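Given these sequences and hints, build the entire structure.
There are 2 protein chains.
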Amino acid sequence: PGPDAAAQQAAGARNAQLTKPAGSLGRLEDLAIWYAGWQGAERPALNRPQVLIFAGNHGVTARGISAFPPEVTVQMVANFKVGGAAINQLAAVAGAELTVHALDLDRPTRDFCEAPAMNEDELLAALRCGWDAVDPQADLLVTGEMGIGNTTSAAAIALALFGGEAADWVGRGTGLDDSGVARKAAVVTDAVALHHPGTGLETLRCLGGREIVAMAGAMARARVLGIPVLLDGFICCAAAACLAAESPTALDHAVAGHASAESAHPALLEKLGKPPLLGLGLRLGEGSGAALAIPLIRAAIACLSGMATFAEAGVADG
Amino acid sequence: PGPDAAAQQAAGARNAQLTKPAGSLGRLEDLAIWYAGWQGAERPALNRPQVLIFAGNHGVTARGISAFPPEVTVQMVANFKVGGAAINQLAAVAGAELTVHALDLDRPTRDFCEAPAMNEDELLAALRCGWDAVDPQADLLVTGEMGIGNTTSAAAIALALFGGEAADWVGRGTGLDDSGVARKAAVVTDAVALHHPGTGLETLRCLGGREIVAMAGAMARARVLGIPVLLDGFICCAAAACLAAESPTALDHAVAGHASAESAHPALLEKLGKPPLLGLGLRLGEGSGAALAIPLIRAAIACLSGMATFAEAGVADG
Numbered sequence: 019p020g021p022d023a024a025a026q027q028a029a030g031a032r033n034a035q036l037t038k039p040a041g042s043l044g045r046l047e048d049l050a051i052w053y054a055g056w057q058g059a060e061r062p063a064l065n066r067p068q069v070l071i072f073a074g075n076h077g078v079t080a081r082g083i084s085a086f087p088p089e090v091t092v093q094m095v096a097n098f099k100v101g102g103a104a105i106n107q108l109a110a111v112a113g114a115e116l117t118v119h120a121l122d123l124d125r126p127t128r129d130f131c132e133a134p135a136m137n138e139d140e141l142l143a144a145l146r147c148g149w150d151a152v153d154p155q156a157d158l159l160v161t162g163e164m165g166i167g168n169t170t171s172a173a174a175i176a177l178a179l180f181g182g183e184a185a186d187w188v189g190r191g192t193g194l195d196d197s198g199v200a201r202k203a204a205v206v207t208d209a210v211a212l213h214h215p216g217t218g219l220e221t222l223r224c225l226g227g228r229e230i231v232a233m234a235g236a237m238a239r240a241r242v243l244g245i246p247v248l249l250d251g252f253i254c255c256a257a258a259a260c261l262a263a264e265s266p267t268a269l270d271h272a273v274a275g276h277a278s279a280e281s282a283h284p285a286l287l288e289k290l291g292k293p294p295l296l297g298l299g300l301r302l303g304e305g306s307g308a309a310l311a312i313p314l315i316r317a318a319i320a321c322l323s324g325m326a327t328f329a330e331a332g333v334a335d336g
Numbered sequence: 019p020g021p022d023a024a025a026q027q028a029a030g031a032r033n034a035q036l037t038k039p040a041g042s043l044g045r046l047e048d049l050a051i052w053y054a055g056w057q058g059a060e061r062p063a064l065n066r067p068q069v070l071i072f073a074g075n076h077g078v079t080a081r082g083i084s085a086f087p088p089e090v091t092v093q094m095v096a097n098f099k100v101g102g103a104a105i106n107q108l109a110a111v112a113g114a115e116l117t118v119h120a121l122d123l124d125r126p127t128r129d130f131c132e133a134p135a136m137n138e139d140e141l142l143a144a145l146r147c148g149w150d151a152v153d154p155q156a157d158l159l160v161t162g163e164m165g166i167g168n169t170t171s172a173a174a175i176a177l178a179l180f181g182g183e184a185a186d187w188v189g190r191g192t193g194l195d196d197s198g199v200a201r202k203a204a205v206v207t208d209a210v211a212l213h214h215p216g217t218g219l220e221t222l223r224c225l226g227g228r229e230i231v232a233m234a235g236a237m238a239r240a241r242v243l244g245i246p247v248l249l250d251g252f253i254c255c256a257a258a259a260c261l262a263a264e265s266p267t268a269l270d271h272a273v274a275g276h277a278s279a280e281s282a283h284p285a286l287l288e289k290l291g292k293p294p295l296l297g298l299g300l301r302l303g304e305g306s307g308a309a310l311a312i313p314l315i316r317a318a319i320a321c322l323s324g325m326a327t328f329a330e331a332g333v334a335d336g
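Protein sequences, first through last, are from chains A and B.
Yeah, the first sequence ends on 336 if you go by full-length UniProt numbering, and it's all consecutive.
Yeah, the second sequence ends on 336 if you go by full-length UniProt numbering, and it's all consecutive.
By construction, these hints were calculated from the structure, which means they are not laboratory data.
Pairs count within a copy or across copies, as identical chains cannot be separated in the list.
Derived lysine to aspartate or glutamate pairs resembling EDC-like cross-links, with alpha carbons at most 20 Å apart:
hint: 1; residue 1: Lys99; residue 2: Glu330
hint: 2; residue 1: Lys289; residue 2: Glu264
hint: 3; residue 1: Lys99; residue 2: Asp335
hint: 4; residue 1: Lys99; residue 2: Glu89
In this text the structure is predicted, and so the values were computed from the model without any measurement.
Put into structure tokens, the structure is as follows:
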């Protein structure tokens, strides 16, 4: 299924009659028309945005590729549950419902420098977790993550899918120094040399983490349900890239919420063909950059659906 | 008066203890600490944002420098009052109170190619309108405008204050074609050659419009009251630039909400030393770009004031 072409066309025609110079709301106009297509309404409404946080642990952390110890994953899950993390505040400001899904935190993925991160059952279980977490009544979805070590996994995914050098895709994550970044690049090089995943799903299985797989599962479910998605940062986009590798239309329902300060994120967005809405230097994960963009979608929809036309307002249209 | 240094310092110290990698909220961290200083609270709150729209008419419209006829100013004021314009929707999404102030619409300013746009009494009346419109209880201010012809006035102000060529400061406004832009540049050149305003206030009087003067009056009042300001587009920033010409600290309470698609706005922001929060190609005026940025301020404050510290959450801090 895809967007409703008739609704999209009606929204575009309506937009052209609203009391403003043509095009003067810039990207808000494109966003509103895109959203109208997915909601199937000339005058859409945003009532039920959903933020899903998935958490997973990574065997590769044993190689010293993160500035934080792996215990932080479970500690932050507890913090999400009591409302103390950044994403709790950002989801509240955005009027979004937030739920947290921890995936087998006491059973990290295998170190993908030695073996595939997951077997097929584990892959399917994580996909299922993401798939089932989506509220079918939601009208906008953000998927976020927590998983110490997961920028290493995302960089390996990007290198496997798009090629280049490990250094092109490796960044500081939560705050690595230069020697940490070099160690991380060597790990990513080794991992991709070991595996030759031929598909998006195999890439997820060999190089992913459970939270990354769950994000992919949730975004795929949203595509099937016709729920628009705001993409978050580097890790979310690595998950999305695996879907795009499976089908060129897999991300038609997705817009990039922001460009993060993780160094390779802009390049990854370019590979996905998704220009970001925001660029405020965030590099936190948790869905934070995408949640910050929810009010922009809300504003775009409010203008399309709430403004008067030139005829209604008795305003001369230039 | 300026920001509360102790509150700002306390907010910075609190920010450093929150459950996130240091700096990972990017510009949101700077915004929240800046706001904490102006509110004088380590954990500030945003409860009462205000959007003020000022409207004025311009004698210079007789020279064919706008894509829309001058009657549209009063028509759009009526549209603001019944809630049909873009800014009505954007203020509602932002949770901001909106009021509209029309300044002598049936008495346009004089054509500033022939004489100063206003006399001193008219200047003072417009400043007073802006000054009085600010709610002393507001905790964030956006000033927007409506006035057919006012990008011509703003370009003349920018040329008078910052020099260069008229073409550096003239853009398409609401949608001029190339010949219209050339005509507008000639008008701006003539206007600035006629007047030699030595101060920000004289620049407002000779080259401004009543709505531009009122915006300056409102932003000056906000500075005195310690109310933070989000700057809107080219016209708002031209008004702000006249204040900056009067005092180098006049805009310490102001952050740029967005960079608009009006071609000279990025250069004007650079002159003011204000990097924009958003860049979504808006070019509508009405305070629209600044209102769109209010949720970003709200989000920044929510993170600073609502997040748990590492100690509170029992999270290892790397």
